[in-house]
Structure formats: structure tokens, C-alpha cells
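Given chain A's structure and the hints, the job is docking chain B onto it.
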Amino acid sequence: MSDASSNAVLYWKANLRLILGCLIVWALVSYGFAILLRPLLAGIPVGGTDLGFWFAQQGSILTFIALIFFYAWRMNKLDEQFGLAEEE
Amino acid sequence: MSQFAINLIFVGGSFLLYILIAVWAKAGSTSDFYVAGGGVHPITNGAAIGADWMSAASFISMAGLIAAGGYANSTFLMGWTGGYVLLAMLLAPYLRKFGKFTVPEFIGDRFYSRNARLVAVLCLIVASVTYVIGQMAGAGVAFSRFLEVDATTGLIIAAVVVFIYAVLGGMKGITYTQVAQYCVLIIAYTIPAIFIAIELTGNPVPALAMFSEHTQSGMPVLEKLNQVITDLGFGSYTADVSNKLNMVLFTLSLMIGTAGLPHVIIRFFTVPKVADARWSAGWALVFIALLYLTAPAVASMARLNLMTTIYPEGTAAQPIEYDERPQWIQEWEVTGLITYEDKNGDGRIQYYNDGNADFADEAEARGWAGNEFNYNRDILVLANPEIASLPGWVIGLIAAGGLAAALSTAAGLLLAISSAISHDLIKGAINPNISEKGELLAARIAMAVAIAVATYLGANPPGFAAQVVALAFGIAAASLFPALMMGIFSKRVNNVGAISGMLAGLIFTLVYIFVYKGWFFIPGTANLPDTVDAWVLGISPLSIGAVGALVNFIVAFVVSNATEEPPVEIQELVESVRYPRGAGKAVDH
Chain A
338 MSDASSNAVL
348 YWKANLRLIL
358 GCLIVWALVS
368 YGFAILLRPL
378 LAGIPVGGTD
388 LGFWFAQQGS
398 ILTFIALIFF
408 YAWRMNKLDE
418 QFGLAEEE
Chain B
2 MSQFAINLIF
12 VGGSFLLYIL
22 IAVWAKAGST
32 SDFYVAGGGV
42 HPITNGAAIG
52 ADWMSAASFI
62 SMAGLIAAGG
72 YANSTFLMGW
82 TGGYVLLAML
92 LAPYLRKFGK
102 FTVPEFIGDR
112 FYSRNARLVA
122 VLCLIVASVT
132 YVIGQMAGAG
142 VAFSRFLEVD
152 ATTGLIIAAV
162 VVFIYAVLGG
172 MKGITYTQVA
182 QYCVLIIAYT
192 IPAIFIAIEL
202 TGNPVPALAM
212 FSEHTQSGMP
222 VLEKLNQVIT
232 DLGFGSYTAD
242 VSNKLNMVLF
252 TLSLMIGTAG
262 LPHVIIRFFT
272 VPKVADARWS
282 AGWALVFIAL
292 LYLTAPAVAS
302 MARLNLMTTI
312 YPEGTAAQPI
322 EYDERPQWIQ
332 EWEVTGLITY
342 EDKNGDGRIQ
352 YYNDGNADFA
362 DEAEARGWAG
372 NEFNYNRDIL
382 VLANPEIASL
392 PGWVIGLIAA
402 GGLAAALSTA
412 AGLLLAISSA
422 ISHDLIKGAI
432 NPNISEKGEL
442 LAARIAMAVA
452 IAVATYLGAN
462 PPGFAAQVVA
472 LAFGIAAASL
482 FPALMMGIFS
492 KRVNNVGAIS
502 GMLAGLIFTL
512 VYIFVYKGWF
522 FIPGTANLPD
532 TVDAWVLGIS
542 PLSIGAVGAL
552 VNFIVAFVVS
562 NATEEPPVEI
572 QELVESVRYP
582 RGAGKAVDH
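Going line by line, the protein sequences match chains A and B.
No gaps in the numbering here: position 47 of the first sequence is 384 in this note's numbering, and each next residue is one more.
No gaps in the numbering here: position 208 of the second sequence is 209 in this note's numbering, and each next residue is one more.
To be clear, the hints were calculated from the coordinates, so they are not data collected in a lab.
Note that beta-carbon positions come from the ideal geometry of N, C-alpha and C, so glycine has one too.
Fair warning: there could be bad hints in the mix.
Claimed, not checked - Lysine to any residue pairs mimicking SDA-like chemistry, simulated, CA-CA at most 20 Å apart:
| id | chain 1 | residue 1 | chain 2 | residue 2 |
| --- | --- | --- | --- | --- |
| 1 | B | Lys98 | A | Ala422 |
| 2 | B | Lys492 | A | Leu347 |
| 3 | B | Lys274 | A | Asn352 |
| 4 | B | Lys101 | B | Pro273 |
Said to hold, decoys possible - Only some residues are given here: those of chain B computed to face chain A with a beta carbon under 10 Å:
| id | residue |
| --- | --- |
| 5 | Thr76 |
| 6 | Gly236 |
| 7 | Phe490 |
Looking at chain B on its own, in the form it has when it is part of the complex:
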């Protein structure tokens, strides 16, 4: 059977499974549709949060970025897990106690202002649409490879599938479908990693294998990897970074953004009790960690495998001939995500770091005229089983897993966007008397527009999938998280303060991003080059969200203290949110 057919079977089979579960779960519980988590155990809810949370960025893109950046890109690992600590301690239990269904609704009530609610809607839409762009870019890569079409066609197919999936699955955002998606994606991620771990080290646990001995050379895997890549002029994998400020701020942006993303927060509204909201956050992180502990292992081992594929006789010998390149390189070339150009005309694939001035002499001595091999980092996880020559069904499995990750998150985000527009914007502000039918129609139109915008921008993404997603986190970090946290932990912050804070944080962050990435991400409109030298204090646009959050906090406090206190009933609301049993009432006696 051809690989193409195997891929179709795995992808089609997993989609069929989700639909069957959605239909089955719906038949079991029509009445409590909106409290889907009502009778769900925190462990089950944790797995569902895991699927909702782990997106194309986690599944497809992250390991590729770590493989390329080594230690410096550990930021993604810490940033996307550390946010759950903030969520569990600073937001989830209190928002659960408050008991409303959207994030703008909490902000609108706590800051007793329709305008605050509208500003929250704006922040939510900007962050979520940016996030969807990252998903579309990732899903596009997956489709282009497994349906053997070019990247743009893959993106358009992804857009159509996401639309159908969001309209279908969105109506049934049921916990059990997401549990199934979690199972598919974690199995798909882990199995190839286990195979490769055994191949390279004999240790079947990938997370341990990356710190074990490389069987072939007798050196630790990471030392072997460092040796191979530094031989070719690349930076050492485990080397420390010099720009620590940027690394700290980037990690912080991802953490705060994780805690501020509405589609994650919404999941905690559905657990039955405040105590369960705390447990759910813990279980969610356990399920997420299963992938996140494997990801760095995949990254280092795939990078090593890639190097040995191109330099089978070692880095001192000649690289492979282009005509003898493995099948997977040929197949990825079709998508345009791997490119080869024979600069010195010797018919071999010279893959090295031609940007390293210290290595230029050696390259010249070896008759190399520049790096000839380029690959898009987003392909690394998907190509990983092929690079390690694993059986065809593993490749089919990883296709199904990558798509499960991208589609479940995209659907969750689109739901958050459409509910913000139909529930908070149209019903809450423009037309409170809108009919149920009209609200649903508005939600679908909002979804379609969001997909169209994301697809257009996904065709020319301002970075790799995980980097685009990182921008979304910066925006969420700078706008929503501070407002939510101050709403719970401060009684003094008032309506004017919260609105000024959110706007200041959002605008500050967006301007900084647009200046370097192009206005509204439209290519060619950037004012400054997106390089370390041009960044203020070496802070990258990906890291600016943490500074934006600080701006938000400061502006909100200063403005609040200069204006009058919130009314008594709002202070009592804050009290009641803090105590699981509603101690706010007890104060009256």
C-alpha cells in the first residue's frame, strides 16, 4: 500500500472516531449541553484541556524550533507549562466561583462598565485571531505534505476543513471528543519518539534517552550532537545565551499569555466546584507534560538524525550525493518546504552554517560555496519518523496527530472568537433583543470571517507556527491577564483604571510588534528590521508582552488611584469571588 493511502486511512479513521464520539456523547446528554464539564471528573477534564491547549504550535512546530535553537528555545517549554501555575493560583478558582461563561463578561461585571467589556472583546479577538494564524500555518504544512500538494493549496484545504470542523464540532464542544483527540495526539507524538530513542540509545523513554549514551559513538547524545553541529559551523546545542533579559521576558510573556488566553480560561468555568478547578489545572499540566517532556528529546534526536542522514560518513567526510538523497527529502521538496541548490556544482548536499565567519575558511578549503540545503523548521516533527526510516503506519499516525492538534485548538479559538462577537458584542452591546437564531448566524459569520483573515495571513505568516502563536500570547499577556488578576486581587482598581490599563497594554504591545513585523502583519510594512540590533534593549517583539503586562498594571493602578473607588457592591463582588463558600454575604451580619 502506498504511503499516501496509509495517511488517508489514519487521518480519515481518526476523524471518523471524533464524529462518532460527538454523536454518541450528544445522544447521552442533550440537557446539560452548556455545562458539559458538570459531571466530568477533573482528570477527564484535564485531558480535554490538554487537547484544547496543545495546538499545531506544540505538536508540529515546537520541537523543530528547539532542534534549531537548542537551549535558547527552552523558553517554549517553560513558558507554555509555567502559565498553568499562574492559572491555578491566580485566576481559575476565582473565575469559577464568579460563574459566568465568557471572559469579557467577567471584566464587564467586575469593572461595572460596558466599555470595559467591549475593550476585553477587542483584546480577545486580536489575540485569538493571531493565534489562529499560527494554527492555519501549521495545519497547512501538515496537509501539504500528506496530500502531496504545495503549501498554499495545503493551507486552503486546511481552511475548508477547519471551517467544517468548527461549525460541526463547535456545536458539540464536548469533553469526550477532546479526550479522544488528546489520546490520538499523544500516541502519535510518543510512538515515533520511542522508536527513535531505542534506535539511538537503547533507552525506550525518550525523556531519559536524550540524557543517555549514544550507542553508536559511546558519547552522551547531547555531546555527540554538539560535536556534529559545531563541526559544521552551527552554534552549540546546549550553549548558554548572552541575551538573558530577552529570554526571561519571552518566557514570562508565554506564561502570562497562557494564563490570559480566553479559550483556556473558559475550560475552567465548566468544572463543578472551585476545588475541582484547582485539581483540573494540575491534571491538565500532567497531560501536557507528557508531550512537553518528550518534545526536547524529539528535538535533539531528530536534529542528530538529520545531520547523520546528510553526513552518513561523519562530518569530516563528504555529504551524500543529491541523487542518492532519501525518499523523504524528495517528498518534502514537492511542498517547497525543503529546498536544495547545488552552489558548487559537485552534486552533493553541503549543509552547514554559511553565516558563521569563523567557519568560512574551512568551508572554502573544502570547496563549499555556501549552504545548499534549507528546510522549514515546522516540518521536523512530521518528517521525524521518515528521517529515522520508521514504518509507514507511524508516518500515518503522526499525520493524524498533527491534524488533531491543529484542528481541536483552531475550533476552540474560533468558538471563543464567535462567542465574543455574538454574545458579548452583539447581544451585550449592539442589539440586546437579538433572536437566538440571529445570534447563531452572527456567530457563524464571525467564524467564517476569522478563518478567511487567518488564512490570508497564514499564507505569509510573520514567522514559524510557534512564533506566530508566541505573538498571540504576548497580546493576551499584555491585555487580558492583568485586568483579570487585578479584578480579583485588588478592590481598588476601578472601571477607568482597568480600561486605560488594557488599552495601554494592548496598544503598546501591538505597536512594538507591528513596527518590526509589519503593520497588521502585512508583509513589507515594517518600519524597522526584525533583528537583535534594531530591538530596544535587545527585547524581541515576541517577548514584549511581558513589558506590555507591566505597562497595563502600572497604568491601571495610577489611573485608579487618581479616580474614585469602585462602588461598595463591586467591592463585595470581589470579596465573594475570593471565598469558595461566598463569605461576601457573611460580612452583612
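One chain only, chain A, in its complex shape:
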């Protein structure tokens, strides 16, 4: 196996780890805080209702935006780090 191919394998593994981490947060805010774990957050009041409701109607959307920008920033850096970025 040449260096080029092991480099590529490492890049792909790093990508998969990053995706997995992001998707855990993605699932936690939407399926977790907003739906399944809502009863646990019921004690935290937010403007006439509770934190779970806020995550369901606004919080998860804001988190999604942050996640995509974080992923794009990290991946674009990984592309360069591994020398796999697209040529200009």
C-alpha cells in the first residue's frame, strides 16, 4: 500500500468520525431534547412553556445550522490537511 492510499484511508476515517459526532448532536437535540427526553426538561421554564417545547420549535433548527457550518469548516480544513482539496 502506498502513502497516497493510506493517507486517503485516514482522511475517510476522520470524515466518518466527524459525521458520527455531528449526527449524535443532531439526534440528541431533535429526537432527544425535543421529543423523547422532553419530560426530563419539563422543569426548565421558557416563556410560558418548557425547554423541550423550545427545542422542538426553535432550538433544534438553530443547532442544525451550527452543525452544518461546523462540519463544512472542519471538512474544508481536513481536505487541505490531507492534501485532498480540490485544485483551484
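This is chain B only, laid out in the frame that chain A set:
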């Protein structure tokens, strides 16, 4: 000036703007027509994706559904935004790297099979046509109100306009027209919301206002709303739901479906670089979020306004008299989307939940003989400025915005359908030697047929606009998304596996939907009643797409592992898709 004239000016003016931009943009760039995104900044592209994406369902229907369902319908908010996370991480950059122009083309090449491509065409058509039905239903509602005709006439007018618009705008699916449409629709959505937010809470930011204090009562808006509606026997707005499984699956179907809808994916093929595909997804979600963060505020405040319109003296007092009903109720009655029946003969509008057994005694004590007021949920956003007695130009603006949303998405979908038929089906399989002219003609005929089918079914939609659209997402989730994702993330899944997976997912999902919604959505052909009790494990037909996707994944893996590996060149193709610079070639050295 009459409201009718104001509406015409706003709708006509915005249409004129789109046409002018289309003509101007065309003159500037004839050569790079097919890479319209080629020189476009990811932010601009994001706004264009936003317009393409936000349809009649988002603009017209969604807030109405949230208003009616409260917390339980938050699924639409999370589902239609969370899909962009999947898109940005699992599909968009790799499909951009692959560099083909239609979704069936990728599936056909990756799974080295013409049949796989044809199955993908079938999935695409079923999902997109279902989606167009939802758009037609929504656009029909908008036209019927603003042209003051009944709902069916409105639908037919919408069909004619969509046809002209798709043939015209379809040829110029230019980014800048969609940016203009985005501006129109976001302004139209936000301005009335700001007015209402100030009226109710004094806070001009709708997304914050919904969690602030209701000036009149000194209570938080949501608490006030809960109080008013529970007083009338309706369920609490913020109450938790008991059927969590269905809520999770429904949200998941919408998310996976978002990532699997071809007309959205196509947008990412047009950005110049893989890195830009990632940024574009982020910007698209920013632009979408501007509407999606306002929508729940519109929903809660409009619901509260509606209740106070009917019960101006509070819920303990008598509701308003029918003869004194506001102008907007009279106008919506013309369309048949608001109905009133004086069941107890007292000339007042008793609006309450007569399906709630616990409330029956109180209703009887008050001399009420059943709920007398019904409204179609799709009208809530459009009627919202009128309910809050906002000036006429705001009402005209919202008409223009709703139509921009419905028409831009319908046109995008029709393009996806016609390109699948003319490019993938006819040119790719039936007649590879077809002339350019013949291909275009086939595309137009396909478009006309799709509109006709969608209009017929749109006249008797199997649900409100947003619900019909949700079905389309379930179908896309169960068929296309798994095939695309496995095509990138697995080298082992082969042609037979992918085809069996797509067919299994599609058929499983369709059968489950048709059993409850009627075969091919034709009314009266359902085998089981569409109620919670009849659903398997309480899973609604709207949520089944997530299960269908799972079926697709499992079938594809099992069948692939039982048959032979994909050839080496396909495994190299998968490698090359994964690395922006094409590391697949480096392996050879």
C-alpha cells in the same frame, strides 16, 4: 382602492419582476446555461435553494397545521430543516464530486445497471408527482381567495399558471429569479408576523414574541393561548404527545425525505466546488430558518387572534353574532373554506371542540348544540393579516408571497419530473438517438401530463397541503435516499441489492399509504380507516417512510451480501467520489 385590486397589483407586480430578471439574467449568460451556479457565490445559491425548497407547504400550510396541532406538529419544523444536516454530510459533497446532472444518472452509474436507473426514475416520479399535488392544493387555495372564486376554479387557474410558468421559467431555471422569489416570500411572511408580534406583545421579533408576555393579559403568550383553547375543550397547545414512536418516525421521514428529494439534490450539482456544496447547504438552511423560526410564532399568535375574534369578551362570555362577523370571514366563506352552521339557532358563532367528551356537559349547559364554525387549516397564514386587521397592502403582499412559494417549487419539481422522463427514461433507455427537439417535446408533454394528474388529485387531496407533501417525503425517504447513501458509503452494495432495496422500500411504503389513504389517492378506495386505532403500532401513513427506508437498507445489504461484489472499477468510482481531489487515481501508483 378595493382589496381585489391591491392583490392583483402585488401578484402581477411580483410576476413581472421575475420575468424581467429572467430576461436580464438570460441576456447576461447564454453560454453557461446549464451551470447556472458556476460563478454563483454559495450565499446566493443558498437563497435560491431556499426559494426552490420552501413551497406552498412551508409558506401556506405549515403554520396552520402547527396552530391546530401545537407541540405535536413541531415535527414539520424539525423534519424540514434537519434533512439539510443529512444532505450536507451524507450526500451533497459526494454527488457534487461525481458531477452528473440527474439523480437517476448517479444511481445508474454507481450500480452499473440500466434497470437501477429506471427504478430510480420510477421512484423520482412517484415522489415528485405526490409533491406537486400538495403544491397544487396550496396554490389553489391562494388563487381561490385572492381572485374571489371557489376552490375548484382556483385550482384550475393555478394549474394553468403553473403550466405557463414551468414552460417559461423552466427554460430559465436561473438562480437570480429564485433569489428574487426568496426575497418576495420572506418579506411577505415576515412583515405581517412583525405587525402581529408588536400588537400582541410589543416585541417586534416574532420568534421571540411567542415566548414573551401577552400585553393585554400580562401572561406569557403560550400560557394565554393554552388557557383560551382549553376553556373551549381543545387540547393544550404545548401538551406533550403520548405517541412518541410516531412523532419520532414522522420527523425522521421528513428529514430523510428532504435529503432524498431530487429537485433539492440537483441544486448542489451546480456549485463550482465540493467545498462550496458544504457551505451552500449551510446557507440554504440559514435562509430557510428565517421563515421556519417565524412560522411557530405565526402559528401561536394567529390561533390566539382567531380565538379572540370569535370570543371578543373572553371565553366565558358569548361568542360574536354571525351577522357581526368580520369582513375576512365573509370573504373566506365565498371560497367554501370557512363554513358556518347555526346548530342551536341563536345566531352566534359557537366555536369549540365538540369531540371532547369531558367538555360535553359544559357545552350543553351553555346551550350549545355542536361546533358551528369550521375552517380549512391551509387558510390560516393567508387570512392571518386580515384576522389581525392589518392594512390592505400587507394582504396583497402575502398573496404574492404564497404564490411565489407554490410556483417556484412546482416549477422545480416539474423540471425534475420532465428531465427524468426525457433524459433518463427516453434518451437513456428507450431511444438513445432521439433528437434534441424530440427530447424537449417529450419533456413538455411529460410536464403537461404531470400537471393534469396533480390537478385532478389536487381537487380531492388526501390531506392538507403540508400533509400531502409529507407523503411525498416518505416516498423519497424510502426509495432514493438509502440508494444514494449506500452508493457512497458502501463499496459492497451491488446492482441487484440496490434495485431490490429501492423496490422493497418503495412498494412497502406505497402499500401502507394506499391502504389508509386510498389506492393511488383515489377517494373511496382505502381498505382501512385512516385513524390511530387502525394504524400498525400507531404509525401513521405519513410516518411510514422512515420504516420504508430501513426496509430498503436491510434488503439491499442482505441481497448484496448474498450475491457477488461490485466490479473493481465501480469500487474505484466509489473511492473517487469520497475525495474532493480524486484520490481514487492515486491508488494505482
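Consistency of the hints with the structure:
Distance hint between B:Lys98 and A:Ala422 is fulfilled; the C-alpha atoms sit about 11 Å from each other, no more than 20 Å. A distance of roughly 17 Å separates the Cα atoms of B:Lys492 and A:Leu347; the hinted pair therefore holds under the 20 Å criterion. In summary, the hint linking B:Lys274 to A:Asn352 is supported, as the alpha carbons are separated by about 18 Å, within the 20 Å threshold. The straight-line distance between the Cα atoms of B:Lys101 and B:Pro273 is roughly 13 Å, inside the 20 Å bound, and the hint therefore holds.
Taking 10 Å as the C-beta contact cut-off toward chain A, the hint placing B:Thr76 at the interface holds, the least distance being around 8 Å. Using the Cβ-Cβ criterion of 10 Å, the hint placing B:Gly236 at the interface with chain A is not satisfied: the shortest such distance is roughly 14 Å. Using the Cβ-Cβ criterion of 10 Å, the hint placing B:Phe490 at the interface with chain A is satisfied: the shortest such distance is roughly 8 Å.
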